[in-house]
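Chain B: place on chain A using the hints.
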Amino acid sequence: MNKNDLFIERDLKLIESLVYDPSLKPRFNALSSFLMWEDELPINITPNGIDTLSALCVARAFLFHGLKLPDHINAASFKQIWDNATDEGIRWPGFNRLNLSDEDSAFYNEMLALGDKHFE
Amino acid sequence: MTNTERKEKREQLHSDNVAKDSLRTTDSHQIRNARTDEIKAVHNLNINAHSGSSGGDSDDGSIQIFALNQDGSKKIVAERQKTRSQSNAFDSGVALALKGKDNPVAHVLSLLKEHCKKMLPGPEKENLSRSIKEQTQEIFPNLKADAERFSQSDNADSMPALSETKQTEHDWFSAGQEIAALPIEKQVQIIGTALIAGMEQYRNDEQERRWGAVIGSIQGLGNVAVNLSKIADFSAYCIIGDEERAGEMAKDFGTALGQTIVSGVKLFGCVQKYSYDIGYSGDYQKPLRDILAVGNFLNEQWSQLPPREQERRKYEFLSQMLADGIVGAAGVQAIGKSKAFTEILDQLAEQVAQNSAKSIESTRKLAGKIGNFIGDLTSPELALPAGGSLKPGRFEQIEEQVLRMAGRSGEYIPERKPLFLSPSQNKVLNGREVDTLGGLQKLENMSDSDLAAIGLKRYELPTLKLETDEFSIKASIFGDNKAWFHASVTENGAVVLRYISKGRLPDGTGSHFIAEALKAHNVIPKHQLVLQNIINEETANAIKNGFKLENTKLSRMGTKALKELGLKPSHFSIERMGVNTNLVIWLE
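If you read the protein sequences in the order shown, they are chains A and B.
Counting in our numbering, the first sequence runs from 23 upward without gaps.
Counting in our numbering, the second sequence runs from 297 upward without gaps.
If we strip away everything but chain A, and leave its shape as in the complex, we get (with noise of 0.2 angstroms):
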């Protein structure tokens, strides 16, 4: 699998001019579970671009930031998305952030805890 098979060239080249911003503050997407910054993603992105940068989210979210997956969801497809994009050298802001610090740890586990408040 290369590049292209994870995002059409357009949606790659958005990915690509991303800048990351340590300063920036995290979002909590309650649908799933997942924390995204907003330099990780691109305006003008397609759907399916969206949809793979989201599961790099949810892969990233439980293999560094401690998020547990229901029954069922299937991580070996969640990581091997991972993996792909990683072995490939995309160049995503997101790959910087595998650790949390403690402001975003502890803002991460106070919106997992709240569950299905999120919905209220």
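Simulated from the structure, these hints should not be mistaken for laboratory data.
Even for Gly, the Cβ is constructed at its ideal location relative to N, Cα and C.
A hint or two may mislead.
A few chain B positions that, by computed beta-carbon distances, are all more than 10 angstroms from chain A [to be verified]:
1) Y611
2) G706
3) E707
4) K738
5) K753
6) I830
7) L850
If you want the footprint, here are the derived chain B segments under chain A, 3+ residues with CB under 8 angstroms [said to hold, decoys possible]:
8) 795 to 807
9) 819 to 829
10) 874 to 884
Just chain B now, kept in the frame of chain A:
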């Protein structure tokens, strides 16, 4: 779109192309280019020459379908509607045409009305007819009375038939000029309706030409509409990745866009505004999206040129325009500031519109020059003056099932709703809790101090910050960077919600946030609301244990949001798409 659907679509397009191949023969070109006198001469060779009215000219009920009764007698079950003779046909269309002699708005509307009559029956015709009627009533409320007055006057018999007006080869120019002279809101309405009507006519005309039955019928506004349709069609072939067909169409596309600009129509600005105004209501049509897509395509191609090359091309073209007297020095400066290619074209249209005195020949040449300027960007390779060439990125094949967004940006003040907050719990009361306290009416009538006495205060959702890009609609809350909403809309109108968090908003506001974000972008889900990539314990348990999906908090949030939009779920299901597990809320 599934592979099967994609294949079917390609096969359909292939079949259309095969049909269109028959239009590329020498004969068909001659037929297409035939002048009116040549056509009349051919008609006159017909020894059974006829007026063209099936069965006769007058109210003779010439088309009748009848059934035989049991006794052998005839019973008419359908017949051609009897028409009034022309001298008595005083309707709003005639009055509109009369007004059109000195009123450009009326003239454009009368041309549209005439065009509408030629369309095949169907929803497009009905939509256009309704739109024309509404615009006519809005702009000329006394038209009916005028029509009646005219019918009683001596001028009635000298009224020319509408079809006799504006039948020249260059009507695309005059009709386009008249559109460009309208206030921007009217331009937007006309361009939008003309584009939709034009696409229909374009397809019908191609078919009719194939049959050899109608020749040279597209005139005036029809030509403007067909030009718009050619632009949209080119884009459609690019999007599906049919490079061969797109390549064949590139020259036509350049000419069509050149003619549209020469007539002064700021096409891309107009279509963007039209898309913005109608949002994702049922009237949002594919040709509009195609025009937006072609604008994006041109901008992308343009952006791939090095900045110096962009400037060189721009000023080389502008110096030609200056030398030809099409734009003045101020115009060159205004166009020169434009960065996106579509901005350059719209600015150019504005400058051209200001220079109204042009001969037909000069407009034709100008359209050609603009066509060439545009055409460079659709070439497989862009030659550079210093040698070498650039091969711009292929127009990526983008999944057709996704709408390119034309949502809204800026601030949105949510609709005021009677919400009551319990500050101690940071929670907005739900319906059941409101009922427990005596009902909504009672709480609404209470003063702020009375509410405070029972631990409540009125609450309003904060102002939303809206953003949009080519494929997504987004919303967040000013001052709360944790709250976000991110969705897209599929071809069939389903809304796919990908990211949602209410951030620091009180509990109980999630559904309001979703509903207001959708309203703010003028998006009303059709068929489905899809909650994408669900990783959530409660939903996981419902799936695992076969519980009713509608009872999960996630489903209830979706249901409440839909209810605020006046929609009701019919059922809930789980779909697995790739690695994603999605909750689908189906709509009644």
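Here's how the hints hold up against the structure:
1. Y611: At about 28 angstroms from chain A, Y611/B clears the 10 angstroms cut-off, so the statement holds.
2. G706: holds (16 angstroms)
3. E707: Non-interface label stands for E707/B: nearest chain A Cβ at 19 angstroms, farther than 10 angstroms.
4. K738: Correct as stated: the minimum Cβ-Cβ distance to chain A is 23 angstroms, above 10 angstroms.
5. K753: holds (19 angstroms)
6. I830: violated (6 angstroms)
7. L850: violated (5 angstroms)
8. 795 to 807: With 8 residues in contact (Cβ-Cβ under 8 angstroms with chain A), the coverage given for the region 795 to 807 of chain B holds.
9. 819 to 829: Holds, because 3 residues of the region 819 to 829 of chain B bring their Cβ atoms closer than 8 angstroms to Cβ atoms of chain A.
10. 874 to 884: With 4 residues closer than 8 angstroms to chain A, the region 874 to 884 of chain B meets the three-residue bar; holds.
The earlier numbered hints that this structure contradicts are 6, 7.
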